[in-house]
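Peer 1: One-letter residues, chain by chain:
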Amino acid sequence: MYDMNRVENAVGQDEIKISARNVQVWYGETHAIKDVDVDILDKTVTAFIGPSGCGKSTFLRCINRMNDSIPSARIEGEIRLDGEDIYDRSIDPVQLRARVGMVFQKPNPFPKSIYDNVSYGPRIHGLARNRAELDEIVERSLRDAALWNEVKDRLQEPGTGLSGGQQQRLCIARAIATSPEMLLMDEPCSALDPIATGQVEELIDHLRQDFSVVIVTHSMQQAARVSQKTAFFHLGSLVEYGETDEIFTKPQDPRTESYISGRIG
Amino acid sequence: MTEQTTGSPTRNHDWNSEQFRKNLARRRRGEIVLRGFGLAAIGLAFLMLAILLWTLISGGAQAFRQTHVAIEVPISAELVDPANPADGNYRTVMRDAMQTTFPDADPSELRALAGILSNAAQFVVRDRVVDDPSLIGQTVRINVPTSDPYDQLNKGNVDIDSDEALRRLDDTDIAAFKQLQDEGRITLPINWALLTNADSRFPELAGLKGAIIGSAYALLVCFLISFPLGIGAAIYLEEFAPKNKLSDVIEVNINNLAAVPSVVFGLLALAVFLGWFGMPRSAPFVGGLTLSLMTLPTIIIATRAALKAVPPSIREAALGVGASKQQVVFGHVLPLAMPGILTGTIIGLAQALGETAPLLLIGMNAFVTAAPSSPFDAATALPTQIFIWADSPERGFVARTSAAILVLLGFLVMMNAIAIYLRSRFERRW
Ligand SMILES: Nc1ncnc2c1ncn2[C@@H]1O[C@H](COP(=O)(O)OP(=O)(O)O)[C@@H](O)[C@H]1O
Ligand SMILES: [Mg+2]
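As they're listed, the protein sequences go chains A and B. So that you can map any letter, position 206 of the first sequence is 206 in the numbering used here, and since no number is skipped, the others follow by simple counting. So that you can map any letter, position 385 of the second sequence is 385 in the numbering used here, and since no number is skipped, the others follow by simple counting.
It is possible that some hints are incorrect.
[To be verified] Partial list, computed: chain A residues near chain B (C-beta under 8 angstroms):
| id | residue |
| --- | --- |
| 1 | 71 |
| 2 | 97 |
| 3 | 102 |
| 4 | 108 |
| 5 | 110 |
| 6 | 121 |
| 7 | 125 |
| 8 | 148 |
| 9 | 174 |
| 10 | 175 |
| 11 | 219 |
[Stated by the list, open to error] Per label pair, the in silico range of CB-to-CB distance:
| id | chain 1 | residue 1 | chain 2 | residue 2 | range |
| --- | --- | --- | --- | --- | --- |
| 12 | A | 153 | B | 313 | 22 to 30 angstroms |
| 13 | B | 195 | A | 153 | 35 to 43 angstroms |
| 14 | B | 327 | A | 157 | 19 to 27 angstroms |
| 15 | B | 313 | A | 89 | 37 to 45 angstroms |
| 16 | B | 256 | A | 157 | 45 to 53 angstroms |
| 17 | A | 261 | B | 35 | 54 to 62 angstroms |
| 18 | B | 256 | A | 78 | 45 to 53 angstroms |
| 19 | B | 242 | A | 76 | 16 to 24 angstroms |
| 20 | A | 157 | B | 61 | 23 to 31 angstroms |
| 21 | B | 241 | A | 51 | 32 to 40 angstroms |
| 22 | B | 242 | A | 39 | 34 to 42 angstroms |
| 23 | B | 426 | A | 243 | 47 to 55 angstroms |
| 24 | A | 82 | B | 242 | 27 to 35 angstroms |
| 25 | A | 218 | B | 242 | 28 to 36 angstroms |
Honestly, the hints are just simulated from the structure, not real lab data. For every residue, glycine included, the Cβ atom is placed at its ideal position computed from N, Cα and C.
Isolated chain A, as found in the complex (with noise of 0.2 angstroms):
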């Protein structure tokens, strides 16, 4: 059994589910991301790490199109998800959102009930035919989200009123709930307490099962806790990107060490 999931996890973990050639991003006149190519596997916790302002979440931002909201974001190069170009005029940003999840620094639940709040995307995108579908979406989505034990007596209450780990697994539920490929998560644990933080931890790993999930974090115990790949960011440029383990060890450029050593950030 163990043998066949590791086989499973294997093949998967050939399979790449982003591939971003040649990536520029401006804001106005700031040069925010140079030049980045990277390949982002299926079923893998890929970690992108760096000092603050190196354009980790300006990158992942990319990978859902979000910076298409901000006026003064422009975008250059080739972003594949499976092979087709996300920023092809075919593609409907609303629609690569639901396929691309997103989980934020600060927990955002709806100021609406906790059903609510999961249920809104596959509600939005038509997802469910009918209640009891929908009920089943949202009860999956919270399992997986491992909050359903602690939320199930309450789903019509405000999802404003659970604790702040709560809320950030909620979030991760309404993410999910679309039955998304890819989560990217972007300092999902930054406002959290070290007890949530482990859990959302463990939950990530977790979710690797089923998606491609990136993350955001300035914590590099977490990203040696919960990435198989880790990537690090420098000024807007991608310095490194490898093995979780070798990237910690053994750093192949001398900004990567300096910055694992605590002497840059």
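Mind docking chain B with the ligands on chain A? Use the hints.
Peer 2: Showing chain B with the ligands alone in chain A's frame:
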């Protein structure tokens, strides 16, 4: 030279020294002076408010009561047809009533006594009979309002010792009134006519009904125009319009529009609505249109502020699960901004309710003795009614002016209370 000179700083401060104590005392004095100024300012503001309310209440309270006199009214079937009591000859009924009430008076005395009754007395009798036709054929005791000079006399506003020639009531009038008082015919009940009557030449009959309905129609029109237009404009400017030179210019102009003196909007309405489009003068509909010119910028500014106050994390959350721009705005941002929008709207409408100048320019200070039955009928509004009454010389109108101001203030306080209630009812929930 190991001694320290005065110029170089030392580390060993003597916190009890004269110098430090002086410094401390100076700072403390500054604080006391500042607090004193603040208290004085607030005290002055309260004093002004108290003076305003005191003058209004002391001057206007009398108008909330009206002197009535009880007379015996014989209602004969010859004068009032039981089949059609509304069309009776009440003028003659009143003459009979005077004779019945004062059997000993000769005709010239009767004429003088008739002056005690308000000109509206016959309508009061008519309404009683219409309500209860079984009174026909009986002699009924009915309370009717007195005319204004006697009302003032009863309220103690006439100096009996002054020169008789300078008074509207001579000594015989006063004696006759005293007689009625002694007979227990004079009462001073609450003056509901102030709210249920329209305007009149006679202060004892004049009421605010026409003005209240006129104001209500004008505010309704103003709301129906400025609320949807204002929210629509604000949503477009805040959420959809590209941020460029043009939108900057529009923004500056909307802010300027909110600061334009209202009389200018009145002139504009006079030229455009009445001049070009030939809309009726004095109509609450046109008044509402004019007021909406002023309310619109207020609502746009309040709505934009409320939209801006919705945290970006909510927009990101909705965008992140694939909501379209329109779904984000109407499904998430607008509901959260609604309390702020409603508060701004009510405050804008409250401003409009008190606005006088533009309504004067479109003729809403006409003398209209019937309440409007539609927004297109000629009418006054509360502030213009106050303006008209303040201009009238009769003593009765002086008190009614204050009373009308109190009614207007009452409506304003009510609207602001609703705004406060809404704001606290829909506390921010994120
Ligand atoms: N909306 C924006 N408008 C202009 N500049 C931005 C915006 N967002 C980020 N930047 C700039 O882009 C650079 C990268 O930012 P970001 O991606 O947020 O960094 P990180 O997430 O690694 O801390 C920074 O210099 C930041 O100032
Ligand atoms: Mg960031």
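Peer 1: Against each hint, give a clear statement of whether it holds in the structure.
Peer 2: Cross-check of the supplied hints:
Contact between residue 71 of chain A and chain B, as hinted, is supported at the beta carbon level, the nearest pair being about 6 angstroms apart and thus within 8 angstroms. Residue-level restraint check for residue 97 of chain A holds (minimum Cβ-Cβ distance to chain B is 4 angstroms; threshold 8 angstroms). With its C-beta approaching chain B no nearer than about 4 angstroms, residue 102 of chain A sits inside the 8 angstroms limit, and its interface hint holds. The criterion of a C-beta within 8 angstroms of any C-beta in chain B is met by residue 108 of chain A, whose closest approach is roughly 4 angstroms, and the hint holds.
Checking residue 110 of chain A against chain B by beta carbon gives a least distance of about 6 angstroms; that is within 8 angstroms, so the hint holds. With 8 angstroms as the threshold, the beta carbon of residue 121 of chain A comes within range of chain B, its nearest partner Cβ sitting at about 4 angstroms, so the hint holds. Because the smallest distance between the Cβ of residue 125 of chain A and any Cβ of chain B comes to about 6 angstroms, under 8 angstroms, the interface hint for this residue holds. For residue 148 of chain A, the shortest C-beta to C-beta distance to chain B is roughly 19 angstroms, which exceeds 8 angstroms, and the interface hint is violated.
At a threshold of 8 angstroms, the smallest CB-CB gap from residue 174 of chain A to chain B is about 6 angstroms, leaving the interface hint in force. At about 7 angstroms, the closest approach between the beta carbon of residue 175 of chain A and any beta carbon in chain B falls short of 8 angstroms, and the interface hint on this residue holds. Look at residue 219 of chain A: its Cβ only gets to about 21 angstroms from chain B, farther than 8 angstroms, so that hint breaks. A beta carbon spacing of about 27 angstroms between residue 153 of chain A and residue 313 of chain B agrees with the range 22 to 30 angstroms that was offered as a hint.
Under the hint 35 to 43 angstroms, the C-beta atoms of residue 195 of chain B and residue 153 of chain A, about 54 angstroms apart, miss the expected range. The supplied range of 19 to 27 angstroms is met by residue 327 of chain B and residue 157 of chain A, whose beta-carbon atoms lie about 24 angstroms from each other. Distance hint check for residue 313 of chain B and residue 89 of chain A: the Cβ-Cβ separation is about 30 angstroms, which falls outside the suggested range of 37 to 45 angstroms. For residue 256 of chain B paired with residue 157 of chain A, a C-beta distance near 47 angstroms keeps the hint of 45 to 53 angstroms intact.
For the hinted restraint 54 to 62 angstroms between residue 261 of chain A and residue 35 of chain B, the CB-CB distance of approximately 56 angstroms keeps it satisfied. The given range of 45 to 53 angstroms is respected by residue 256 of chain B and residue 78 of chain A, whose C-beta atoms sit roughly 48 angstroms from each other. Between residue 242 of chain B and residue 76 of chain A the beta carbons are some 21 angstroms apart, a value that agrees with the proposed interval 16 to 24 angstroms. The hint said 23 to 31 angstroms for the Cβ distance between residue 157 of chain A and residue 61 of chain B, and at roughly 52 angstroms that hint is violated.
Range check, residue 241 of chain B to residue 51 of chain A: about 36 angstroms between beta-carbon atoms, so the 32 to 40 angstroms window is met. Range check, residue 242 of chain B to residue 39 of chain A: about 36 angstroms between beta-carbon atoms, so the 34 to 42 angstroms window is met. Checked against the given bound of 47 to 55 angstroms, the beta carbons of residue 426 of chain B and residue 243 of chain A, roughly 52 angstroms apart, stay inside it. With their beta carbons about 33 angstroms apart, residue 82 of chain A and residue 242 of chain B fall inside the hinted range of 27 to 35 angstroms.
Checked against the given bound of 28 to 36 angstroms, the beta carbons of residue 218 of chain A and residue 242 of chain B, roughly 34 angstroms apart, stay inside it.
When each numbered hint is compared with the structure, violations occur for hints 8, 11, 13, 15 and 20.
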